[in-house]
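Number of protein chains: 2
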Amino acid sequence: MNPQLDPYLYEQIANKIAILIEKKTFRPGEKVPSVRRLSLQEKVSISTVLQAYVLLEDRGLIEARPQSGYYVRLQRRSLPPEPAISSPSLSATSVNVSELVASIHDTIARRDIVPFGAATPSPELLPIRKLNRILAGIARDSDGEEHSYGIAQGSEELRHQIARRAVDFGCTFSGDDLVITFGCTEAINLCLRAVAQPGDTIAVESPTYYGFLQIIESLNMKALEIATHPRDGICLEALDSAITKNTVKACLFATNFNNPLGSCIPDAKKKQLVDLLARRQIPLIEDDIYGEIYFGTDRPKVCKAFDKHGLVMLCSSFSKSLSPAYRVGWSAPGRFKDEVRRLKLMNTLSCVLPTQITIAEMLRGGGYDHHMRRIRKAYASQVQNMAEAVGQYFPRGTRVTRPQGGFVLWVEMPPAVDSLELYRKALQSKISIAPGSLFSPKQQYRNCIRMNCAHPWSEKIHAAIATLGRFAHECAVL
Amino acid sequence: MNPQLDPYLYEQIANKIAILIEKKTFRPGEKVPSVRRLSLQEKVSISTVLQAYVLLEDRGLIEARPQSGYYVRLQRRSLPPEPAISSPSLSATSVNVSELVASIHDTIARRDIVPFGAATPSPELLPIRKLNRILAGIARDSDGEEHSYGIAQGSEELRHQIARRAVDFGCTFSGDDLVITFGCTEAINLCLRAVAQPGDTIAVESPTYYGFLQIIESLNMKALEIATHPRDGICLEALDSAITKNTVKACLFATNFNNPLGSCIPDAKKKQLVDLLARRQIPLIEDDIYGEIYFGTDRPKVCKAFDKHGLVMLCSSFSKSLSPAYRVGWSAPGRFKDEVRRLKLMNTLSCVLPTQITIAEMLRGGGYDHHMRRIRKAYASQVQNMAEAVGQYFPRGTRVTRPQGGFVLWVEMPPAVDSLELYRKALQSKISIAPGSLFSPKQQYRNCIRMNCAHPWSEKIHAAIATLGRFAHECAVL
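Residue numbers (the numbering used here), protein chains in the order written: chain U, 1 to 478; chain P, 1 to 478.
Take these hints with a grain of salt, some might be off.
[Said to hold, decoys possible] Covered stretches of chain U (chain P as the covering partner; in silico rule of three or more C-beta atoms under 8 Å from a C-beta of chain P):
id, stretch
1, 142-151
2, 320-331
3, 351-360
Derived by calculation from the structure, the hints in this document are not laboratory data.
Glycine included, each C-beta is placed from N, C-alpha and C at the ideal position.
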């Protein structure tokens with residue numbers, strides 16, 4: 001097989017080795033085939049094998065030992081294994097998950113419920129006092145200009161502050177490249193409407209954030225699920241094949257710490273993704289809403305950083321990091337900017353001014369960096385605690401993801417467990433979870449749940465996980 | 001002709017008499033035919049003629065003199081005559097006016113421009129100090145709950161306050177009947193999407209607010225213009241005929257002080273409109289954004305007040321009365337509430353909390369009534385001043401509307417004047433106007449302009465109207 005013809009060969013090889021590790025053909029601590037041997041065996045170049053092994057390192061499956069070769073990593077004992085790469089259906093689907101989603105969203109306001117359901121940040125990890133002080137100051141001083149309709153594109157100062165910080169994730173924007181929106185939700189709506197029509201097919205990760213499916217549903221578009229790895233995101237080979245066989249109008253992917261898997265596409269793979277889509281002129285709507293909440297040392301880049309053709313429409317918001325209630329999001333829509341701005345004017349005219357200016361002030365010198373350092377640490381530890389507790393209480397055979405950012409965990413239970421049943425049981429005990437079938441237009445993942453880990457660890461949360469585990473055991477037996 | 005078969009016969013008769021008044025067959029001060037004589041002449045009932053004469057009274061064309069009959073009213077000398085009822089094209093059209101609209105909207109932020117273009121309220125007539133004080137207080141005290149995603153339907157307290165006040169315009173709501181939105185713009189978007197699909201035909205007034213046309217355009221729907229009278233709004237006969245000949249999926253009308261005409265459908269006619277549409281199960285999306293800014297003694301009712309079948313979807317906002325920058329609007333979508341709430345969740349998730357709570361507080365006891373009394377007087381006087389100045393400076397043959405509420409004026413210039421040409425000339429002299437062709441999907445009304453009268457009368461405004469008048473003369477000669 002000629003690697004020129006199949007640029008994602010290394011991904012196939014990595015998946016092959018991953019399956020062998022999964023099946024314990026290679027056990028933890030054992031050596032995997034040498035680069036040279038695998039190259040001969042698979043009839044591929046040395047560099048392809050090296051790429052495959054780097055990917056397996058990224059996935060946390062193997063580790064390089066100097067002068068010795070690659071070894072299967074020892075898993076931390078307390079954590080259950082990771083889920084495998086997804087294998088979604090290959091045809092596009094009309095979507096309908098909205099009623100269940102609405103009922104989960106409505107639990108947000110209920111203080112009596114343990115909030116593992118909606119992916120809301122913890123109020124204790126929002127800079128509330130700081131934001132309050134800034135907003136109060138702005139409110140006191142607002143004049144007529146600040147009470148008028150703003151321009152559709154949004155506050156100039158806020159756009160400037162976002163552009164200034166975009167260098168951190170590899171982008172060189174001017175404020176004029178951006179459009180401010182009501183949260184990432186409006187940004188994704190406008191981007192989708194700018195590049196696709198009702199009836200068109202949109203490629204999404206599998207599993208994917210149910211909010212994406214809802215938006216696609218509300219716009220009468222179709223969703224096409226693409227196999228996605230829980231560590232390094234969308235499978236390029238599967239994507240390449242899908243866009244060859246289908247007319248895909250746009251892709252909608254969360255590239256960094258996606259919801260629900262927490263997967264993060266390695267930067268080198270991001271570049272390949274951008275190149276792949278550019279060859280076919282398919283726009284990528286890139287959701288980076290969790291990108292700032294990374295647990296490692298470096299902020300991952302975004303696909304937009306590799307975009308030479310204006311085809312990547314980057315979307316994000318401050319709802320996970322600063323305040324969901326302020327509804328401040330934004331988009332860098334590349335070559336589709338004028339269309340997105342036009343749609344913004346028609347959808348909601350312009351954004352709320354006082355909250356935009358408050359966020360701008362927070363970014364300018366209001367302690368944003370200090371705040372982010374604090375919450376990254378907190379979320380990393382909470383996700384770890386939650387994963388360990390799931391390992392402790394859930395039935396044998398349960399798997400959990402290893403998110404390196406964000407604050408949600410994906411839990412794959414044994415096939416006998418029906419997560420809708422678990423959802424109903426849990427809600428009766430005032431525990432909210434998000435059942436897995438929400439995350440697929442074909443309602444796959446019936447034995448999975450997504451858990452929000454945003455809330456600081458407490459005895460109440462610990463006990464709720466124990467209760468969930470007990471219910472999961474009961475469901476598994478039935 | 002049997003009046004049973006044609007419930008809007010009285011409107012036809014009123015229009016016939018109006019034309020005779022227009023042509024000076026009946027001059028100001030002269031008596032129009034007696035009720036008895038007209039009844040015999042037109043072979044209609046006495047009550048039909050009486051209804052026609054009440055309508056002509058509402059339009060300000062005739063007045064009743066006790067024991068004597070009906071007479072053509074003496075026009076106030078300083079005002080040019082009113083425009084006639086519109087006669088739009090009878091087929092639906094795809095819409096495309098967005099570029100020009102975006103350029104007009106962008107002038108809002110420019111302080112060097114005399115703002116007759118966009119329909120923005122004057123900052124001097126917004127309760128800025130009061131709102132600032134309330135928002136600052138709310139900001140200081142916000143806790144975690146007020147920084148979380150709110151529920152999609154919006155703040156409960158705000159919905160309660162709106163429901164409490166809805167009695168003033170004839171509606172008995174509970175807070176649960178309402179959905180809070182980002183301005184009236186989002187409300188109308190969601191309502192349209194709840195009841196119609198791309199390709200469907202929406203009936204609109206002619207002329208109609210260009211924002212409606214933009215929304216219809218952005219949703220790939222079609223607009224069908226219905227003849228509209230500058231005083232009493234949509235022509236029921238024309239509407240009846242249009243919905244007989246076309247498959248109309250919904251109507252989108254501004255029933256009180258519509259933009260741009262300032263027409264207000266008399267309450268009795270509102271009931272007929274609701275009944276007409278109910279017979280065919282056609283939803284009415286009712287924009288009441290100017291309803292609170294009435295110049296007379298009584299708040300006009302809304303069509304929603306006569307809605308027995310949940311088919312009227314009332315939409316409004318506080319952007320004209322309190323603060324455009326807060327982006328607080330709402331809808332009472334009747335039987336389509338669940339669908340509108342669902343679409344709200346998908347479009348923007350939920351609304352900004354601090355501004356919602358500020359508006360709620362303003363309505364609860366923050367001096368809303370006092371404020372509204374003040375601005376009603378101010379806008380009434382400014383509209384009158386503007387109309388008089390247009391009469392003074394614009395070419396002979398110019399007509400202006402007689403709005404009884406709101407703050408826009410519709411100016412119909414002689415047919416030779418091209419308002420796009422006037423728009424460009426005016427903008428060079430830093431005066432913004434809204435050219436008439438924006439207000440029709442077929443780009444009729446090329447010789448008309450809409451003028452925003454929201455800004456307090458000043459020498460600068462006076463001089464700008466004189467300049468516009470001069471330009472209009474020049475355009476008329478070319």
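message: Check the structure against each numbered hint from earlier and tell me which ones fail, lowest number first.
response: none
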